[in-house]
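Visitor: Single-letter residue listing:
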Amino acid sequence: MEFGWTPEQEEHRERVKTLLAKELPENWDEIAVHGPGSDAQTAFSKIFCKRLAEEGLLISHWPREYGGNDMSVWDQFIMGEELWAAGEPRGPQYMNVNWIGPVLMRYANDAQKAKYFPSIAEGSVIWCQGFSEPSAGSDLASLRTKAEKVEGGYLVNGAKVWTSYAGLATHCFLLARTASAGKGAIVILLVDMSSPGVQVKQIPALIGEGDIHEVFFTDVFVPAENLLGEEGQAWEIITFALQNERIGIPRYAFSRRMLDRAAAKLQAEGRFGDPIVRDRAGRALAMCEAARLMVYRVVHQRATQAPQDAYGNLARWAIVQADHAVNDFMTEFMPEGLLGADQMQIAHHQRAIAAGIASGAAEIQLNLAARRYLDLPGEPRRAV
Amino acid sequence: MQFDLSEDQSAILSGLEQLIGSLNIEAPKDPVVSAYSQPLDDELTAGGFFEITQQEGFGLLDGALIVEALAKLPVSVEAAATILVAPAFLEDAGRRPVALVSGSAAVPARFLPMAKTLLVDKGDDVLRIDIPEGAVEEVETLFAYPYGRLKNPEALPAVSLGASRVAELRRRWRVAIAVEAAGLMQSALDTVLEHVKTRQQFGRPIGSFQAIQHRLVMAAEQGQATRWLALRAAWSDSDADAAIAATYAQDATPKFANDLHQFCGAMGLTLEFPLHHWTYRLRALLGELGGSSGSALAAADAVWVKAS
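Those protein sequences? They're chains S and F, same order as listed. Just remember that the working numbering sits 18 ahead of the position in the first sequence, which is counted from 1. Just remember that the working numbering sits 2 ahead of the position in the second sequence, which is counted from 1.
Hints are computed from structural coordinates only; laboratory data are not their basis. Heads up, the beta-carbon is just placed ideally off N, CA and C, and yes, glycines get one too. Honestly, I wouldn't trust all of these hints.
Cut-off 30 Å, straight-line C-alpha distance, at most; resulting in silico cross-link-like pairs (DSBU-like, lysine-lysine) [as the list claims (entries may be wrong)]:
no.: 1; chain 1: S; residue 1: K64; chain 2: S; residue 2: K131
no.: 2; chain 1: S; residue 1: K68; chain 2: S; residue 2: K35
no.: 3; chain 1: S; residue 1: K283; chain 2: F; residue 2: K308
no.: 4; chain 1: S; residue 1: K164; chain 2: S; residue 2: K219
no.: 5; chain 1: S; residue 1: K35; chain 2: F; residue 2: K31
no.: 6; chain 1: S; residue 1: K219; chain 2: S; residue 2: K35
Just some of the chain S residues that point at chain F, by a computed CB distance under 10 Å [to be verified]:
no.: 7; residue: E287
no.: 8; residue: G288
no.: 9; residue: F290
no.: 10; residue: G300
no.: 11; residue: Q319
no.: 12; residue: L392
A short, non-exhaustive set of chain F residues, derived as facing chain S with CB atoms under 7 Å [what the hints assert, rightly or not]:
no.: 13; residue: F5
no.: 14; residue: V141
no.: 15; residue: L144
no.: 16; residue: H216
no.: 17; residue: V219
no.: 18; residue: A227
no.: 19; residue: W230
no.: 20; residue: R234
no.: 21; residue: L271
no.: 22; residue: T272
no.: 23; residue: L273
no.: 24; residue: A302
Hey, can you work out the whole structure from these sequences and the hints?
Guide: Dropping the structure here:
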């Protein structure tokens, strides 16, 4: 047991930092303010991801046979930490490389791999995930979007909601069902967002520009070759995808950066001498570091290829607490930031208030951890 | 970054487990608020466990793993100060058990009834006081540790170790608080998990109610986070990591302890049920070195003020 980095890992982190210092424009904070789904950040992601690809860093954690460099799990995570702390210049494309690509590697056929990998690998494509629906949020298995089997493919009808990045997405990782009930009737379709019948409507929200949308599918034809895996295999694929998605975002890294920034600002303004302020800052710091180590424990598990347990669910709860602690600290002691004085603080606030909701409600993580980590008995099914 | 135990660490903990197993240590049957195990103390001394950090190839992290394992027991033994703090301050490592106080030598301290050495954080100095026989009076407390107070502190000679040692004492003491808290939290949680899986109400185990499940997971998360922060602090031996670990542990303690007792209902208020042996030791740690506020200020100062 030890908690340090190897010289190679330190060097890798420095390389990412140096790249960020070189590639992020002077007005990066203004670009990053509106979140990964904004027009500005999405547009910048295509420039930045192309540069990452040229440096061999965009998909370096992928296996060589898919154009990657077999980068270690830890190196991939170190890069994710630095990028997220910087405001995630990959924009929505972090999803492509973190989980859509790995899911396709495992479940796509050769034709699908040939079709989708090049654009992900060069950083020119935006994917969205068509999961949540008006009546299926945390209870994903009750989704209603229909995929009716027709000659040559599927006819999709239904609506998705809370869909991040859909406004500028070129592809959708869509869940739909071929029959009325059951997880076994769910299929995964890789949908071209320019297909006739796809309509996207942005939802004005507290969490920034372009982040959440409604997506309507009206008689959208999806060719059979765009079915991922086999019919009946979708739930297995979703479970695999969520394992990669849920802990893939080191949100605490951005919170820690914001806390460091807040402390520096309060010191410069002569307000950090107040022990009440330092006390609260110290507690928020402890929450950030707790989240960091909980996540590192999950990464260690992946790096050593240990069987997945419910530790990721615990870690997710720690991440939410860290985001909230930093946001609450700044809201209480630096309210001027949310009154227009600090756009980065507003951006952090917008991410923090979504921390327990985005990527699956935190309460679901608690349910899963209760069952799988603490081995507590399940609630009996209620009589209907 | 390696979260698994090394072979040496596994071997040490395995040896410790055997030693503990040979003593058949169980929660006290009689209703007592605290129980000190002198047989365990004697065996640990004989086995060289208290000197682990002075052995070649071993360090503070290895000592922390021993302290954590001992904290899981339903009886107490003075190990944290001996293993994690004293080596840097005692000329004679054998003058243990070691008690720690801050502010004044006159205030009650954990383990003082059996202590041979008292280290005092005076703020501007560290004092080392050798404790002669009969110098201590016991103090009654719910805190599940033996507590005592010097009868006449002014009469005992104190060795000044200097102002430069204060930061070091606090750093090691905070590591000790966090590591011990991690072990205490784990056993407290295990005890409550067993209870909620078997105790039935409304025809089902109370642990099947979501209202309890969620808070138990939060407690588990606090226990795990405390553990990793504490062990990292032992590994790095840095002021910042130590203060962060203690802040987290002390900040988490009130909700953690209150919730665990809540889930056991009135049973959790009895001395018959062993939960208090861990939660009241946790509550005792909460009040040391300025509590969570003292640690949080130390963390803020170490990370932001001294660095600037």
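Visitor: With reference to the structure, classify each hint as holding or not holding.
Guide: Hints, verified against the model:
1. At roughly 21 Å between alpha-carbon atoms, K64(S) and K131(S) fall within 30 Å of each other, so this suggested pair holds.
2. A C-alpha spacing of about 17 Å is found between K68(S) and K35(S), which places the hinted pair at or below 30 Å, so the restraint holds.
3. This hinted pair checks out: K283(S) and K308(F) have alpha carbons roughly 15 Å apart, not beyond 30 Å.
4. Distance check on the hinted pair: K164(S) and K219(S) sit about 20 Å apart at the alpha-carbon level, within 30 Å; holds.
5. For a cut-off of 30 Å, the pair hint linking K35(S) to K31(F) is broken: about 59 Å separates their Cα positions.
6. Only pairs whose Cα atoms come within 30 Å are accepted, and K219(S) paired with K35(S) is rejected, the gap being roughly 36 Å.
7. Interface hint status for E287(S): violated, as the beta-carbon distance to the closest one in chain F is roughly 13 Å, over 10 Å.
8. With a cut of 10 Å, the hint placing G288(S) at the interface with chain F is violated, because the nearest CB-to-CB distance is about 13 Å.
9. Look at F290(S): its Cβ gets to within about 7 Å of chain F, closer than 10 Å, so that hint holds up.
10. Among the interface hints, the one on G300(S) holds; its C-beta lies about 3 Å from the nearest C-beta in chain F, closer than the 10 Å criterion.
11. Annotation: interface hint on Q319(S) holds; nearest CB of chain F at approximately 8 Å, less than 10 Å.
12. A least Cβ separation of about 6 Å between L392(S) and chain F falls short of the 10 Å threshold, and the interface hint therefore holds.
13. Taking 7 Å as the C-beta contact cut-off toward chain S, the hint placing F5(F) at the interface holds, the least distance being around 4 Å.
14. For the restraint placing V141(F) at the interface with chain S, the shortest Cβ-Cβ distance is roughly 29 Å, beyond the 7 Å limit, so the hint is violated.
15. With a cut of 7 Å, the hint placing L144(F) at the interface with chain S is violated, because the nearest CB-to-CB distance is about 26 Å.
16. Proximity of H216(F) to chain S holds as hinted, the smallest CB-CB distance being about 4 Å (cut-off 7 Å).
17. At its closest, the beta carbon of V219(F) sits 4 Å from a beta carbon of chain S; the interface hint therefore holds under the 7 Å criterion.
18. Satisfaction of the interface hint for A227(F) is found here, the shortest Cβ-Cβ separation to chain S being roughly 4 Å, below the 7 Å cut-off.
19. For the restraint placing W230(F) at the interface with chain S, the shortest Cβ-Cβ distance is roughly 4 Å, inside the 7 Å limit, so the hint holds.
20. Interface hint status for R234(F): upheld, as the beta-carbon distance to the closest one in chain S is roughly 4 Å, under 7 Å.
21. At a threshold of 7 Å, the smallest CB-CB gap from L271(F) to chain S is about 23 Å, leaving the interface hint violated.
22. Annotation: interface hint on T272(F) violated; nearest CB of chain S at approximately 23 Å, more than 7 Å.
23. Violation of the interface hint for L273(F) is found here, the shortest Cβ-Cβ separation to chain S being roughly 26 Å, above the 7 Å cut-off.
24. Interface restraint check for A302(F): the shortest CB-CB distance to chain S comes to about 4 Å, inside 7 Å, so the restraint holds.
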